[in-house]
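> So the sequences go chain by chain: A and B. Per my numbering, the first sequence starts with residue 1, numbered consecutively. Per my numbering, the second sequence starts with residue 1, numbered consecutively.
These aren't lab readings, by the way, just hints derived from the structure by calculation. Cβ atoms here follow ideal geometry from the backbone N, Cα and C, with glycine treated the same way. There may be inaccurate statements among the hints.
What the hints assert, rightly or not - Facing chain A, according to a computed beta carbon distance under 10 Å, are these residues of chain B, among others:
#1 96
#2 97
#3 504
#4 517
Chain by chain, the residues:
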Amino acid sequence: MTNKKTNYKQMKTIKLLAITVVLLFSGVNMMNSQTTGLQVMQKVYDLPSGKDTQAELTMTLINKQGEKRVRQLKQYIADEGSVEKKIMYFTAPADVKGTSFMNWSYSSAKDDDQWIYLPALKRTKRISSGSKGDYFMGSDFTYDDLGERHPDEDTHKLLREETVDGKPCFVVESTPKAKGHMYSKTITWVLKDTYIGLKREFYDPNAKLLKTLTIKNFKKISGVWVILDTEMKNVQKNHSTTISLANVKINQGVPASKFTERSMTMGQ
Amino acid sequence: MKLTTKKLRIYSWIALVVITLGSVYFVREMTQNAYMETDLDEYMPKEHPAFKYSDMAEEWFSIKDGILIAIENKSGVFNTGTLSKIKEISVRLQEMSQFEENDIMSLYTADNIVGTEDGMDVQPFYEEVPGLKSEQDSLRQSVVSNDMVYGRLVSTDGSVALIAASMKDDVFDEAFYEEIMDFAKSYNGDGDVIYVAGRPIVEGTMGMLGPQDMKRMVPVVMIVITLVLLLLLRSFRATLFTLISVLISTIWAFGLMSATGVPIYSVSTMMPVMLIAIGVAYGIYFYNHLNRYRLLKPQSGDADAVLHTLGVLWKPLSMAAFTTIIGFISLLTSQVYPIKYFGLFTAFGIFMAYVLALIFLPSSILIFGSRKYKIKAVDDKPTYTILNRITDKLLLNKKTTLIVTIVVIVISVIGLQKVWINSSFLDKFEPNSEIVLTDAFVNSKFGGTSTLNVIVESDDADAFKQPANLRLVDQLQESTEQLPKVGNSFSLTDYIKRMNKVMNADKEEFYAIPDNNEMVAQYLLLYEMSGDPENLVKVVNYDYNKLNLTFQLKGDDSKTINEAIAVIKSFENEFEKNGLKINYAGSGYKALVFSDLILEGQMGSIFLSLALVFILLVIMFRSFKAGLIGSVPIIITSLISFGVMGLGNIALSTTTALISSIAIGIGVDYAIHFLQTYSVYYKKTKSRHEAIHETMRHTGSAIVSNAIVVIAGFLVMLFSVFPPNRMLGLLVSMNMLTSFIGTLSVMMILVYTSRLFKPNKKQINSNNEINDK
């Protein structure tokens with residue numbers, strides 16, 4: 001992992017240099033007339049995300065029988081540079097209320113640290129970090145889907161431009177450079193004006209459509225674009241997950257003490 | 001209108017052309033559209049409530065039949081070679097399109113829920129194959145200490161590992177059967193022995209052996225029948241044409257099946273043998289009458305002889321054919337489609353054999369001529385044959401005969417109560433066949449190759465987070481597992497107990513359901529966050545009010561399943577108190593319901609065929625008494641048939657259930673021939689005694705020939721690779737023998753003593769009764 005990540009950083013520098021050189025020689029107009037897939041995805045990646053976030057999150061799993069499993073959580077996220085810390089308190093259903101989950105994700109090679117506090121057991125337990133391809137809490141999102149994927153991990157191709165719900169979009173196909181990835185490719189529809197990814201299709205190793213991610217609602221809060229409602233649908237299993245955020249607060253200051261084992265036991 | 005020979009020959013040619021064209025069409029249909037149905041689900045009525053429920057539950061919990069690949073290494077599976085094979089087989093199965101990745105269960109894919117110093121972890125048992133002895137020992141240790149895999153995926157003696165692969169629906173076919181067998185067997189060697197078991201494999205083997213069996217049996221039956229025909233008809237040409245006509249009837253029956261899109265079910269593989277055995281009897285009657293006429297009038301031409309034969313023959317032949325057809329048609333009362341279709345198409349085949357005996361055989365003589373008979377002329381004077389001697393003996397010992405009959409009936413009724421139904425598909429194979437031995441081996445090492453799914457439902461959401469309910473389920477599991485044939489069980493409780501244990505420093509006393517529902521809910525959440533949540537979907541639904549409890553059984557027969565269900569039923573009241581309903585699902589349970597349906601259908605078709613045959617007899621002889629007396633031999637035959645099955649411990653199965661209706665249909669032929677001849681002679685001679693003897697002399701021998709052919713034909717089934725088919729051959733032959741004996745003994749005595757067909761007072765001549773004395 002370390003190697004990979006440092007490689008990305010090096011590559012990013014090289015790419016930026018290259019782009020600068022190209023721009024110097026070809027004039028500024030190039031950017032508009034010949035936008036590349038990589039440029040689009042880089043812009044998406046570079047969208048500001050805020051130093052810290054607080055929100056009430058509702059995650060709904062819907063299986064093929066139409067049965068729903070609804071969970072409500074209060075989540076706090078802080079970006080401390082080398083580590084992104086996240087803590088989630090379950091507020092519903094009642095029998096898991098007070099359960100909390102904390103995740104420290106490092107930019108270095110270090111595996112994520114994860115803890116869970118079970119009030120019934122009155123103890124905080126460490127749990128092993130699932131692999132990036134594991135599904136998060138039985139949802140249709142893998143840990144990887146929930147995080148941001150660095151543009152350098154894929155090769156991108158701008159397929160076309162088209163409108164989605166009347167809004168002009170770039171359509172970019174991204175193919176993982178590493179072999180054996182769980183997706184053979186993804187196709188992303190990116191809004192031309194804000195560079196928000198509106199929709200993404202995930203293809204399985206046999207190049208068949210596996211999942212579709214749709215952004216249903218987003219809003220600018222404290223200068224940061226926040227996605228409020230998303231739906232991930234696994235078309236092969238006919239199972240879907242929706243995540244919606246409410247009462248989102250950006251950069252309101254979450255103290256570092258929030259992200260401790262002690263704080264996990266105290267509830268939101 | 002008089003038919004000229006020329007006109008007759010033209011008609012014959014037309015008939016021949018039509019028959020040939022029809023046969024060509026049906027052969028084409030057969031070669032293009034015939035297929036063998038091996039999916040046992042297709043054998044069951046889908047609209048039945050039990051099947052509907054099971055199908056629903058199978059959908060909720062993705063209950064599927066699994067292929068079981070067992071890998072045995074006498075010195076233990078915890079070595080580099082065997083562990084690599086387990087990994088490779090698992091990975092390659094996951095890659096096959098016939099399986100969902102998540103449905104391959106093995107030591108390699110299993111989740112190991114373990115306690116760690118500061119928590120719980122769900123990890124694979126191994127990812128890289130452990131190369132060091134110490135690593136292998138610690139793997140063994142982690143297997144032995146985990147009840148979720150120990151005895152389930154690795155045998156308790158450590159010598160066998162199991163890879164269970166649940167198949168997607170409707171992907172199993174013969175090609176895949178071969179593929180998976182070849183694939184699995186390629187891992188044999190280096191001290192490892194591979195076994196492949198499981199319901200799809202049983203079905204696949206049956207699907208392969210069925211047509212093979214049919215291909216093997218047809219030549220055998222042809223040879224036997226040819227020999228019998230040559231012996232009885234003493235003519236090569238007559239034998240040939242009789243054989244051609246029964247072959248054509250078989251082709252038409254199978255051709256019609258293919259043309260209407262009905263697949264060949266395992267029971268249909270018996271059709272050719274049956275059609276040939278039954279159909280040749282019609283040929284025998286035709287040539288017998290023809291020869292008799294020829295002997296009486298040696299100078300008569302072909303057309304003359306044929307027309308005469310048809311004139312005498314059509315009535316009794318029609319009767320015989322229709323009663324047989326009724327026997328098969330009565331199988332339509334069955335709710336089981338393969339049996340319905342078997343009845344319908346065999347009936348069609350017999351109808352064709354009958355039509356061909358009346359059209360094809362005469363046409364063949366008119367076109368190809370017939371040879372001159374070299375048989376010495378038999379004088380038609382009354383002779384005292386063996387049959388006549390037996391008749392006199394029987395008539396002198398009426399009481400003894402009736403008493404013997406009553407004793408036989410009483411014994412049969414006693415045996416009848418012992419008849420049991422067997423839904424086992426494995427029992428269709430030889431006890432020493434590879435598939436049976438493999439199954440026994442896997443059963444001896446693991447919980448069992450057959451499964452019974454128990455579905456517990458509640459109206460309240462989160463019911464299965466309640467410790468009280470979970471404990472009930474746990475008790476149910478424990479009690480049922482006491483049965484010797486119930487290997488183990490698996491449900492949500494196993495996850496919760498395991499997690500409770502590892503979260504409490506692996507202490508054995510915590511291998512139990514925790515005391516409060518929050519704890520249960522939080523364990524489940526913890527598992528979802530660290531394990532593979534899709535595994536939970538197989539044991540409980542999203543609302544936690546439907547639970548799937550799986551029992552592994554060491555047998556797929558009704559007895560085993562019923563024993564388990566009896567224990568489960570004893571819990572029903574207690575479950576009821578907690579608002580929990582119990583239902584059943586899965587292929588094992590469906591097979592059980594299926595076998596009950598077979599029994600129901602069996603009873604239905606026996607009574608229907610008896611009733612129809614009775615009505616037909618009453619109409620034919622215009623006598624209620626004739627109907628009753630004529631039915632006696634077949635009623636006795638049915639009773640004896642069931643009695644023998646009960647006393648001989650022969651189970652009613654999809655195959656043997658067919659016997660009685662078939663036996664009634666064919667067996668009544670003897671009574672019909674006897675009664676008809678007797679009524680004619682009684683009218684002519686006015687003497688019961690003389691009429692009986694005349695009947696014995698003429699029809700007796702015809703009945704004997706008929707019985708010999710049919711018995712010989714059905715005995716050919718002894719060459720089948722399927723034990724139930726052999727049993728069926730034996731039982732039908734026995735039934736033919738009992739109806740034949742019953743007709744010529746008990747029925748004959750009843751006919752005699754009841755003064756059947758006695759003319760009305762007006763018609764009685766003053767002296768007619770004197771002859772009787």
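> Hints first: check each against the structure and report whether it holds.
Now for the hints, and whether the structure bears them out:
1. About 12 Å separates the beta-carbon of residue 96 (chain B) from the nearest beta-carbon of chain A, more than 10 Å, and the hint is not met.
2. For the restraint placing residue 97 (chain B) at the interface with chain A, the shortest Cβ-Cβ distance is roughly 9 Å, inside the 10 Å limit, so the hint holds.
3. Because the beta carbon of residue 504 (chain B) sits about 9 Å from the nearest beta carbon in chain A, less than 10 Å, this interface hint is met.
4. Annotation: residue 517 (chain B) was flagged as interfacial toward chain A, and the flag holds, the nearest CB pair being 6 Å apart, inside 10 Å.
The structure does not agree with numbered hint 1 stated previously, though it agrees with all others.
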